[in-house]
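Number of protein chains: 2
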Amino acid sequence: MSLFLEVVPVAEAVEVARSIAPTVGTEEVGLEAALHRVLAEDVAAGGDLPGFDRSVVDGYAVTAGDTTGASEALPAMLTLKGRVEMGQAPPGTVESGTCWYIPTGGVMPPGADAVAMVEYSEVLEDEVLVHRAVAPGENVLAHDEDFAAGAVVLPAGRRLNPQDLGVLASAGVTTVPVKKDPLVGIISTGNEVVPADAPLAPGRVRDANSYLCAGFAREHGCEAKRYGIVKDDPAILRPLLLQAVEECDLVLISGGSSKDVRDMSAGVIGELGTVLVHGIALSPGKPTIIGRVGTTPVIGLPGHPGSAYIVLTTVVAPLLALAAGAPVPERRVRVRLAANIPSAKGREDHVRVRIEDGEAVPVFGKSGLLNTLVRSDGVVVVPASREGFEEGDDVEVVLW
Amino acid sequence: MSLFLEVVPVAEAVEVARSIAPTVGTEEVGLEAALHRVLAEDVAAGGDLPGFDRSVVDGYAVTAGDTTGASEALPAMLTLKGRVEMGQAPPGTVESGTCWYIPTGGVMPPGADAVAMVEYSEVLEDEVLVHRAVAPGENVLAHDEDFAAGAVVLPAGRRLNPQDLGVLASAGVTTVPVKKDPLVGIISTGNEVVPADAPLAPGRVRDANSYLCAGFAREHGCEAKRYGIVKDDPAILRPLLLQAVEECDLVLISGGSSKDVRDMSAGVIGELGTVLVHGIALSPGKPTIIGRVGTTPVIGLPGHPGSAYIVLTTVVAPLLALAAGAPVPERRVRVRLAANIPSAKGREDHVRVRIEDGEAVPVFGKSGLLNTLVRSDGVVVVPASREGFEEGDDVEVVLW
Numbered sequence: 002m003s004l005f006l007e008v009v010p011v012a013e014a015v016e017v018a019r020s021i022a023p024t025v026g027t028e029e030v031g032l033e034a035a036l037h038r039v040l041a042e043d044v045a046a047g048g049d050l051p052g053f054d055r056s057v058v059d060g061y062a063v064t065a066g067d068t069t070g071a072s073e074a075l076p077a078m079l080t081l082k083g084r085v086e087m088g089q090a091p092p093g094t095v096e097s098g099t100c101w102y103i104p105t106g107g108v109m110p111p112g113a114d115a116v117a118m119v120e121y122s123e124v125l126e127d128e129v130l131v132h133r134a135v136a137p138g139e140n141v142l143a144h145d146e147d148f149a150a151g152a153v154v155l156p157a158g159r160r161l162n163p164q165d166l167g168v169l170a171s172a173g174v175t176t177v178p179v180k181k182d183p184l185v186g187i188i189s190t191g192n193e194v195v196p197a198d199a200p201l202a203p204g205r206v207r208d209a210n211s212y213l214c215a216g217f218a219r220e221h222g223c224e225a226k227r228y229g230i231v232k233d234d235p236a237i238l239r240p241l242l243l244q245a246v247e248e249c250d251l252v253l254i255s256g257g258s259s260k261d262v263r264d265m266s267a268g269v270i271g272e273l274g275t276v277l278v279h280g281i282a283l284s285p286g287k288p289t290i291i292g293r294v295g296t297t298p299v300i301g302l303p304g305h306p307g308s309a310y311i312v313l314t315t316v317v318a319p320l321l322a323l324a325a326g327a328p329v330p331e332r333r334v335r336v337r338l339a340a341n342i343p344s345a346k347g348r349e350d351h352v353r354v355r356i357e358d359g360e361a362v363p364v365f366g367k368s369g370l371l372n373t374l375v376r377s378d379g380v381v382v383v384p385a386s387r388e389g390f391e392e393g394d395d396v397e398v399v400l401w
Numbered sequence: 002m003s004l005f006l007e008v009v010p011v012a013e014a015v016e017v018a019r020s021i022a023p024t025v026g027t028e029e030v031g032l033e034a035a036l037h038r039v040l041a042e043d044v045a046a047g048g049d050l051p052g053f054d055r056s057v058v059d060g061y062a063v064t065a066g067d068t069t070g071a072s073e074a075l076p077a078m079l080t081l082k083g084r085v086e087m088g089q090a091p092p093g094t095v096e097s098g099t100c101w102y103i104p105t106g107g108v109m110p111p112g113a114d115a116v117a118m119v120e121y122s123e124v125l126e127d128e129v130l131v132h133r134a135v136a137p138g139e140n141v142l143a144h145d146e147d148f149a150a151g152a153v154v155l156p157a158g159r160r161l162n163p164q165d166l167g168v169l170a171s172a173g174v175t176t177v178p179v180k181k182d183p184l185v186g187i188i189s190t191g192n193e194v195v196p197a198d199a200p201l202a203p204g205r206v207r208d209a210n211s212y213l214c215a216g217f218a219r220e221h222g223c224e225a226k227r228y229g230i231v232k233d234d235p236a237i238l239r240p241l242l243l244q245a246v247e248e249c250d251l252v253l254i255s256g257g258s259s260k261d262v263r264d265m266s267a268g269v270i271g272e273l274g275t276v277l278v279h280g281i282a283l284s285p286g287k288p289t290i291i292g293r294v295g296t297t298p299v300i301g302l303p304g305h306p307g308s309a310y311i312v313l314t315t316v317v318a319p320l321l322a323l324a325a326g327a328p329v330p331e332r333r334v335r336v337r338l339a340a341n342i343p344s345a346k347g348r349e350d351h352v353r354v355r356i357e358d359g360e361a362v363p364v365f366g367k368s369g370l371l372n373t374l375v376r377s378d379g380v381v382v383v384p385a386s387r388e389g390f391e392e393g394d395d396v397e398v399v400l401w
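Protein chains in written order, with the numbering used here: chain F, 2 to 401; chain P, 2 to 401.
Read the hints as simulated data drawn from the structure, not as lab findings.
None of the values given here were measured: they were computed from a predicted structure.
Please note that the accuracy of each hint is not assured.
As the list makes no split between identical chains, a pair holds if one copy fits it or if it spans any two.
To be verified - Pairs of lysine to any residue residues, derived as SDA-like cross-links and limited to a Cα-Cα distance of at most 20 Å, are as follows:
id	residue 1	residue 2
1	287	120
2	232	400
3	367	126
4	226	33
5	226	248
6	346	120
7	232	73
8	287	58
9	367	118
10	367	137
11	367	114
12	367	133
13	367	146
14	367	121
15	226	176
One chain only, chain F, in its complex shape (with noise of 0.2 Å):
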């Protein structure tokens, strides 16, 4: 291992991170229980939807025939019949000259084709006026117009919406074949790493990165395991990744600040498998570890949190959502730049921005520090190619 790594472009590290993504199997589950999870399958309409002829207004339900040249002056004069009651069969059959109430939703009659809206009717007693012509087809929805039987209803890949979920009641379906959500196993390295609950002695650190990741992983969908802290030491970090490789369909490793432990992490990596790619032209995230013990996938991420989270969003979620067989969920918006950002060329800079008054604006300080993580909203990414933005630029901000 040497001093300064062999960096790949992100776009390479990224493809390579899709390459070996894992292969995650399919379950069924309630529809209840389906919210943001991803179809496995298609999902076909089992029958036709509505399943009969509706109405999708309240009005009159007639032949159209009978209305042409309708108007205010010279109201077509038809017979009423009686009533289409919600969710009953019709009472009757519409001929010519007649027509029945029918509410939106109402099953339209035989012989009917089209509806009047009561707004352009007008009721005499038994008589109804109608003052305005209507085309055949007018305000009904044919049995199979929403879905014919067998058509796709939703694609597999497809990550449910609570909307979703309503169309597919309204289907019939009430469960669905989605991916099992990836076992993501956390292990965090360092000597200097303590728990969370612990006091800071001089030197320590507490233990962020296992928090950050497993808050991640369910962010994106997975379960996750943590392993726990792990000294510096081989011997210790060897056997307890066999054993995440073993059990989940993705393993994180959250390096130490230092090189030395980093170095360790590619080291038991590159022994009990294969490291792909150590280092990436990426700011912040540059010593990032992507490589794979058997058939799992097992990533090295820089100690620092603000790191970790730049390569998670950038190099796992795309191997995330490779997994899913679904698109990365993340939220962009354009804005105006209100100040400078400058960069290297030939790495790819992340940059914290806070957004404020519709305005992107940077937020720079020390790259130890974490208060620059809790102020700001998202990233803006400088490409390799460039050497930064400009104030006034429109820039894109890929929000936290």
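Add chain P to chain F, keeping to what the hints say.
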């Protein structure tokens, strides 16, 4: 109850909804369970962070004055006294003319006030040649520079993201006071409504809205309780609504699609409590009811899932945000509009759009359709004061 609703502007409806937002209690949860929860109080640092003067680079702890004028040509020469080990108190002090190797994160030895980076230093046996001058404080994080003891790490109202969890762990905070998840009760009404797993007889529709509402509630940090489907009979709705307002922080009554049913809901709410709004200048979503029974807000939603969802995002989301004391979580993008969107003046129109090649493509279709919900990515909001947007306009899309 009149046939034509007395509609109020959207802004007024939102104000009414916010004015009846429930007060939810506070609970203490562990950090691992705190993701996306809302802080109920400011959280302060128990001690200084990092807690000791810390190097932020790998290098040599020096007295800055010793490096004054140092350059490639004329390096400063310092006696190397040894190594600061990670996680350990420094083994000695730095006197003028000497230095200690220090790793990133190491404790600054007494007497040192800056760190010369390894990249600009050279080791010759027991001597270190420093090729660049460093200023006092350079590459050092002071003991309270990140957070001073007692400083607010994260404020009340913060919805905790993964980084926040990491920063809180760093500060030694392992449990946090958060707002309790509001409990949202959901009642479906309508003679025509059958359970989602029932076959569809003519005229029947499956209960989509209770799944939609439950998904929405969970997405907005609430628990959801579905109370089942009620026929159009005030004698059945009345006791169920009383039970729901007793048990829940908010009750949603999903209306049948016909006017009769909506009026039944308004009637029962008015009888047991107060109807504050019945009709909003919103499309879709006009026949919305905002009321209160006891201190519990009760919202009557339109029967169609597409309309119901617009009311949830427009009226219910701000109410829940106020209850949580945190902003509405939503995603917006500004894009070019690919086709004209006509709209009637006087009502706020939420027009479904699909994002395609970076443009917003309006998804039109008959009002009863469900497939437009799953084929769209969000909505463009046309304010009541406008008659629509034109192709090429720069519009904001609120993403689902």
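**Request:** Please work out whether the CA atoms of residue 367 and residue 118 approach to 20 Å or closer within one copy, between two copies, in both situations, or in neither?
**Result:** Classified as between: cross-chain Cα gap 14 Å, same-chain 67 Å, threshold 20 Å.
**Asked** Taking 20 Å as the upper bound on the Cα-Cα distance, should residue 226 and residue 248 be classified as within, between, both, or neither?
**Response** within (10 Å within a copy, 35 Å between copies)
**Asked** When no copy is specified for residue 287 and residue 58, does a C-alpha distance of 20 Å or less occur within a copy, between copies, both, or neither?
**Response** Between copies only: 14 Å across, 61 Å inside.
**Message:** At most 20 Å between CA atoms: does that hold for residue 367 and residue 133 within a copy, between copies, both, or neither?
**Reply:** Answer is between; shortest inter-copy Cα gap is 19 Å, intra-copy 72 Å.
**Asked** Can you tell me if residue 232 and residue 400 fall within 20 Å by alpha carbon in one copy, between copies, both or neither?
**Response** Answer is neither: 34 Å inside a copy and 45 Å across each miss the 20 Å cutoff.
**Request:** Could you place residue 367 and residue 146 in one of the four classes (within, between, both, neither) given a Cα distance threshold of 20 Å?
**Result:** between (60 Å within a copy, 10 Å between copies)
**Message:** Within, between, both or neither: how does the pair residue 346, residue 120 come out at a Cα-Cα threshold of 20 Å?
**Reply:** For residue 346 and residue 120, only the inter-copy Cα distance (19 Å) is at most 20 Å; the intra-copy one is 66 Å.
**Message:** Checking an output row: residue 367 and residue 121, CA cutoff 20 Å. Within, between, both or neither?
**Reply:** Cα proximity of residue 367 and residue 121: across copies only (19 Å, versus 70 Å in one copy).
**Request:** Up to 20 Å between alpha-carbons, please classify residue 232 paired with residue 73: within, between, both or neither.
**Result:** Answer is neither: 87 Å inside a copy and 38 Å across each miss the 20 Å cutoff.
**Request:** Since the copies are identical, ignore which copy is meant and state whether residue 367 and residue 126 lie within 20 Å (CA to CA) inside a copy, between copies, both or neither.
**Result:** neither (83 Å within a copy, 31 Å between copies)
**Message:** My question is about residue 367 and residue 137: at a cut-off of 20 Å on alpha-carbon distance, are they close within one copy, between copies, both, or neither?
**Reply:** between (71 Å within a copy, 14 Å between copies)
**Alpha-carbon proximity context of residue 226 and residue 33, limit 20 Å** = Answer is between: at 11 Å across copies they meet the 20 Å cutoff, but 25 Å inside does not.
Violated hints, listed in ascending order, are 2, 3, 7; each of the other numbered hints is respected by the structure.
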